[in-house]
Amino acid sequence: MYFYNTLTRKVEYFSPQKVVRIYTCGPTVYNHAHIGNFRTYVFEDLLHRYLETRNHQVLRVMNLTDVDDKTIQGALRAGISLSDYTAPYKKSFFNDMKALRLRSATHYPAATDPENIAAMIAIIDHLLSRGHAYQAEDHSIYFRISSFKSYGSLARVNFEAQRSSARIRSDEYTKEEIADFALWKAWNQADGAVYWESPWGKGRPGWHLECSAMAMRLLGDQIDIHCGGIDNIFPHHEAEIAQCECVSGKKFVRLWMHAAHLMVEGTKMAKSAGNFYTVGDLLEQGWSGREIRYALLSVHYRTPLNFTMEGLEAARQSLHRLDEWIRRLHDITRDHSSSPGCLETLGPISLNDFFSALDHDLNISAALAVLFEVIRHSHRLLNEDALSIAEVVALLAWWRKVNSILALEPDLLDEEIPEEIKKLALLREKARASKNWNQSDLLRQAIEKQGWSVQDTKSEQKIIRKIAPSSRSNDHEVNIEKFNRTHS
RNA sequence: GGCGAGGUAGCCAAGUGGUAAGGCUGGGCUCUGCAAAAGCCCCAUUCGUCGGUUCGAUUCCGACCCUCGCCUCCA
Numbered sequence: 001m002y003f004y005n006t007l008t009r010k011v012e013y014f015s016p017q018k019v020v021r022i023y024t025c026g027p028t029v030y031n032h033a034h035i036g037n038f039r040t041y042v043f044e045d046l047l048h049r050y051l052e053t054r055n056h057q058v059l060r061v062m063n064l065t066d067v068d069d070k071t072i073q074g075a076l077r078a079g080i081s082l083s084d085y086t087a088p089y090k091k092s093f094f095n096d097m098k099a100l101r102l103r104s105a106t107h108y109p110a111a112t113d114p115e116n117i118a119a120m121i122a123i124i125d126h127l128l129s130r131g132h133a134y135q136a137e138d139h140s141i142y143f144r145i146s147s148f149k150s151y152g153s154l155a156r157v158n159f160e161a162q163r164s165s166a167r168i169r170s171d172e173y174t175k176e177e178i179a180d181f182a183l184w185k186a187w188n189q190a191d192g193a194v195y196w197e198s199p200w201g202k203g204r205p206g207w208h209l210e211c212s213a214m215a216m217r218l219l220g221d222q223i224d225i226h227c228g229g230i231d232n233i234f235p236h237h238e239a240e241i242a243q244c245e246c247v248s249g250k251k252f253v254r255l256w257m258h259a260a261h262l263m264v265e266g267t268k269m270a271k272s273a274g275n276f277y278t279v280g281d282l283l284e285q286g287w288s289g290r291e292i293r294y295a296l297l298s299v300h301y302r303t304p305l306n307f308t309m310e311g312l313e314a315a316r317q318s319l320h321r322l323d324e325w326i327r328r329l330h331d332i333t334r335d336h337s338s339s340p341g342c343l344e345t346l347g348p349i350s351l352n353d354f355f356s357a358l359d360h361d362l363n364i365s366a367a368l369a370v371l372f373e374v375i376r377h378s379h380r381l382l383n384e385d386a387l388s389i390a391e392v393v394a395l396l397a398w399w400r401k402v403n404s405i406l407a408l409e410p411d412l413l414d415e416e417i418p419e420e421i422k423k424l425a426l427l428r429e430k431a432r433a434s435k436n437w438n439q440s441d442l443l444r445q446a447i448e449k450q451g452w453s454v455q456d457t458k459s460e461q462k463i464i465r466k467i468a469p470s471s472r473s474n475d476h477e478v479n480i481e482k483f484n485r486t487h488s
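Numbered by our numbering, the letters in the first sequence go through residues 1 to 488 in order.
Source of the hints: derived by calculation from the structure; they are not laboratory data.
Warning: the hint list may mix true and false statements.
[Stated by the list, open to error] Cross-link-like lysine-lysine pairs, in silico, BS3-like; alpha carbons within 27 Å at most:
#  : residue 1 : residue 2
1  : Lys70     : Lys175
2  : Lys271    : Lys98
3  : Lys251    : Lys98
4  : Lys435    : Lys422
5  : Lys202    : Lys70
6  : Lys462    : Lys430
7  : Lys70     : Lys91
8  : Lys175    : Lys10
9  : Lys251    : Lys202
10 : Lys90     : Lys202
11 : Lys449    : Lys422
12 : Lys90     : Lys271
13 : Lys462    : Lys423
14 : Lys18     : Lys401
15 : Lys175    : Lys202
16 : Lys91     : Lys251
17 : Lys149    : Lys250
18 : Lys18     : Lys250
19 : Lys251    : Lys149
20 : Lys250    : Lys10
21 : Lys149    : Lys10
22 : Lys268    : Lys90
23 : Lys70     : Lys271
24 : Lys401    : Lys98
25 : Lys435    : Lys449
26 : Lys70     : Lys268
27 : Lys435    : Lys462
28 : Lys98     : Lys70
29 : Lys401    : Lys423
30 : Lys401    : Lys430
Because the structure is a prediction, the values reported are computed rather than measured.
Please model the entire structure based on the sequences and the hints provided.
This is the structure in C-alpha cells:
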C-alpha cells in the first residue's frame, strides 16, 4: 500500500506490521464538532476500515481535549464545573460519530484523566532535566525549540533563519524565543477552579503536550501513523514530534497523514458567514447520517472539499442508485439458497480493482467508480438474464466486503410492511383488477401519506418505503457509556 | 513576506507522455390505465492562460492569472 507522507511530501510505499498503531487528534469539546471536523474523522475512519480489510489489526487512539482556554472560559461563563461543561459536548460527539457510522477508536483518552495528567507531568520533568524546557518568569514551563534541531521539519519552516527577525517582538513575552510553546501553563485567576498540582506549582497542561503524553502512554514511543487536519501540521504536530523525540530519543511517527480542509458553498466555514454546520444541524434538516457520510467520504482526503447542499443532494441520489441495486440483488436471491460462487470479474471489470484503488493513497474516487461500474454492468447483465443466482450471491458477498470499508449499507431494506399498508394495497389491487382507476389512485395516495409508495409492475404491486430521512433521526442515539470508557 | 494545496464538462470529481474514469443534473428510450419508480443509452476534439521540451502534453519544464489554507493552541 502507498500513502502520502506529509513529512516527505511524497507518496511512499508503506508496509505495516500485523498491528497498526494510529493516533488521531480528536475534538476539543468546547462546542459541538462541526462537519469540517468530521471530514477529518471520516477520512480516519476510511483509513481504519481499509487497513482492517487488508488484514491488519488497528490499534487507534483518539484523544478528547477537555481542558483549554475555550473550555475553561465556557465553564466559567456558564457557572458550572469544567467537566459538567464538557460532558454534553463529549456525548454529542459520540452521537454524531454513530450517525456517520464512524468506527470506534480503541481508546478515547481525555486530557483531564488523572493518568494522563501524571504522564504529562512526567514528560515535563524529563524535558526540564535534559534542558529541553525551562520555567519562565510567568511560572509557565516552555519547550525550548532551539534545543531540538529538527524543529520545523514537518511544516518545513526554518526557525534558524527566522530567529533574528523574531527577536524584535520577543520582549512582549517571557519566553526565551517567540516560537517556544507552553508545556505547562501556570494558573491564573481567569482559570478559576481549574488547575492541577505539579512540582512547578498549580497549572494545566499545554495542548500539544496532551497528545504526546496520551500517544506515548497508550501506543508507545513509536507509532505507525499519525493523522489530523492539515491545520494541525503546525504548530501542533511539530510540537508533538519535539516533545516525544526529546523524551524517547526515537523517531516518533513513521507516517504523517493530514486531511485537507472543508469549505461550505465555496467559502471558509465560519459562524459569522452563516454557513457553519454541525452534524446535528444537518440531521435536523432531514439529511441522514449516511448521506452526510457519503458527501464527506466521496472526495479524496487531500483534496479541499467544497460542501454544498447540491453536493448532499448528489450524495442522496447516488446512494439511492446504490440502494436500488442492492434491493434488486436481494430480491433475486431472497428465495434461493445458493452458496456464494467466487466472482473475480464482471464483464470487463475486475472486482478487485475497488480494493487496489484504495491501495494508492486511499483513492476513493477511483474505488467508487469501480462500484458504480459494477452496478451498471450487473443491471445490464440482469436485463439480459445473463447472471446466475450464484453469481448474484457472489456479487452480494463482494458488496459486503466493499461495505465493510464504505459503511454505506442501506438500513431500510428489510423493514416489515405494516399490516395496514398491506390491506390498502390489497384493496388497490382489487380496484385495479376492476379498472376502478379513481379508487386505485385514492388508495395510492392513502398509502403514500403513511410513508410508503406503490409501484405497478408487470405482475404485481411493489410496496417500497419512501425515503424519509427526517424520520430516521433515531440513528442519532447512542449510549455514551460504551464509548466513554477509556479502558486502562 | 514564508510555507502549502488546488484550478478537468452545468455541479462534484479520478486519471495518464499517445489522445479524457465515475457520480449528480439534463436529454432520449424501455415499461405503463394514469402516475411514479427503475433500468439502459447519450452528453468535454478538451483538461486556468501563455510559452518551451517532444513525433506527440491535460499529463514534463518555465512564466503568468485565479481560488483556498497554514504561519503559536482552528480538523
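Quick rundown of the hints versus the structure:
no.: 1; hint: Lys70 / Lys175; result: holds (23 Å)
no.: 2; hint: Lys271 / Lys98; result: holds (25 Å)
no.: 3; hint: Lys251 / Lys98; result: violated (34 Å)
no.: 4; hint: Lys435 / Lys422; result: holds (20 Å)
no.: 5; hint: Lys202 / Lys70; result: holds (19 Å)
no.: 6; hint: Lys462 / Lys430; result: holds (15 Å)
no.: 7; hint: Lys70 / Lys91; result: holds (18 Å)
no.: 8; hint: Lys175 / Lys10; result: violated (35 Å)
no.: 9; hint: Lys251 / Lys202; result: violated (32 Å)
no.: 10; hint: Lys90 / Lys202; result: holds (26 Å)
no.: 11; hint: Lys449 / Lys422; result: holds (14 Å)
no.: 12; hint: Lys90 / Lys271; result: holds (21 Å)
no.: 13; hint: Lys462 / Lys423; result: holds (13 Å)
no.: 14; hint: Lys18 / Lys401; result: holds (20 Å)
no.: 15; hint: Lys175 / Lys202; result: holds (19 Å)
no.: 16; hint: Lys91 / Lys251; result: violated (35 Å)
no.: 17; hint: Lys149 / Lys250; result: holds (14 Å)
no.: 18; hint: Lys18 / Lys250; result: holds (21 Å)
no.: 19; hint: Lys251 / Lys149; result: holds (14 Å)
no.: 20; hint: Lys250 / Lys10; result: holds (22 Å)
no.: 21; hint: Lys149 / Lys10; result: holds (23 Å)
no.: 22; hint: Lys268 / Lys90; result: holds (25 Å)
no.: 23; hint: Lys70 / Lys271; result: holds (16 Å)
no.: 24; hint: Lys401 / Lys98; result: holds (20 Å)
no.: 25; hint: Lys435 / Lys449; result: holds (23 Å)
no.: 26; hint: Lys70 / Lys268; result: holds (21 Å)
no.: 27; hint: Lys435 / Lys462; result: holds (18 Å)
no.: 28; hint: Lys98 / Lys70; result: holds (25 Å)
no.: 29; hint: Lys401 / Lys423; result: violated (38 Å)
no.: 30; hint: Lys401 / Lys430; result: violated (43 Å)
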